[in-house]
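**Q** Letter by letter, the chains look like this.
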Amino acid sequence: MSENAVPATEKRKMASTAFKEPDWEELRKRLLARAATGMLRPDAEDVTQEALLRVLRDRRPSPLPVRQRAFRKLKDVRAERFRDPRRRADAEVVSLAELREARGREDAALALVELEASLEQAMDPDVLAYARQKALGHTDADIAAALSWSPQRVEAASRRLRRNRSSLDEQIFRSGS
Amino acid sequence: MVQDCIAARSTEEALSPERVLEAAITVWSLLEATEEVPATPAQREGRASARRRFQTMIAELGLSEQELAKRLQGDELSSHAGGGPLSLLPDLQADP
Chain Z
1 MSENAVPATE
11 KRKMASTAFK
21 EPDWEELRKR
31 LLARAATGML
41 RPDAEDVTQE
51 ALLRVLRDRR
61 PSPLPVRQRA
71 FRKLKDVRAE
81 RFRDPRRRAD
91 AEVVSLAELR
101 EARGREDAAL
111 ALVELEASLE
121 QAMDPDVLAY
131 ARQKALGHTD
141 ADIAAALSWS
151 PQRVEAASRR
161 LRRNRSSLDE
171 QIFRSGS
Chain D
178 MVQDCIAARS
188 TEEALSPERV
198 LEAAITVWSL
208 LEATEEVPAT
218 PAQREGRASA
228 RRRFQTMIAE
238 LGLSEQELAK
248 RLQGDELSSH
258 AGGGPLSLLP
268 DLQADP
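The listed protein sequences correspond, in order, to chains Z and D.
Residue 89 in the working numbering sits at position 89 of the first sequence, and the numbers go up by one each step.
Each number in the working numbering comes from the position in the second sequence (counting from 1) with 177 added on.
Rather than coming from a laboratory, the hints here were simulated on the basis of the structure.
Some hints here could point you the wrong way.
Chain D stretches covered by chain Z per the calculated footprint, using a threshold of three residues with CB under 8 Å from any CB of chain Z [claimed, not checked]:
id	segment
1	194 to 207
2	212 to 226
3	246 to 252
Computed from a predicted structure; not experimentally measured.
We put the beta carbon where it would ideally sit given N, CA and C, even for glycine.
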C-alpha cells in the first residue's frame, strides 16, 4: 500500500460522514450567529454565504462532518476578509454593547417565531382562535357569536386550551435555550 | 434546493417585524386566555417562570404586554373595519 493510500475503514467512515445531508438552514443560522459576533450583519451574511458555497463546491472526500467543514470554511473566509486591506480601510467601528443588543433582539425574535411554530403544531386552529378572543376578555357567548361557532365548538376549544396550559408553560420556558 | 435555501435567506423573512409581532401576540394570547385556569402550586410556579421568560423575550424587542394587547385589539377592530395592520415593532432588519 502506498503512503498516501486511504485504508478501507477510513474510506467507509469518510463516505458515511461526507454524504450525510445536514440541515442546511440550521447550519446557516449557526454560521451566521458565529460570523455576526465579530462583524456587521451584512458582512456576516456575505461571509456565511461564501462559507456554505465553498462547502458545496468542495468535492474532496473528507472524514469531517459537513458542519465541522463549514465552520472551518467560515474561519477561512473571515480571515481572508479581515486581511483584505480595502475592507479593513472601510471597516466601521461598532461598540460591543450595540452588537450585543442587536444579537439579543434577533435571538428573541427567532425564539418567538420558533415558539409560535411549535405551538401551532401542537394546538389546533380552533384553540388558537379561541385564545385570541379570550385574551381580549370576551365571554364564551361573545366568542361563539364573533366566530359564528356553535356553543359546543367553543366549549371544545376552551377545554383543549385549558388542558394544554402546562405544556404551553414548558414550551415557553424552554424557548430560545 | 440547497442553493435556493441559502439564497432565500429565510431567517430574514422569519424575522420581519410583522411576523415577529404576530408570533408574540399568539403566545401572549395563549398565556392570557389561560390565566384563570386553576393550577397547583407547582403549576403556578411554572406559569410564573413561563411568563417571565416571555416578558424577557418581548422586552428584548422593545415590546410590552400592554402593547401586544393594544395590537390584538387593533387587529380585532381593523378586521371588522377592513383596515390595515398597526406597526409597533422596531425594524428588526435595521443594521445594528
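**Q** Compare the structure with each hint and give your call.
**A** The hints, checked one at a time:
1. 194 to 207: With 11 residues close enough to chain Z, the hint holds.
2. 212 to 226: Result for this restraint: holds, n = 6.
3. 246 to 252: holds (count 3)
In summary, this structure violates none of the numbered hints.
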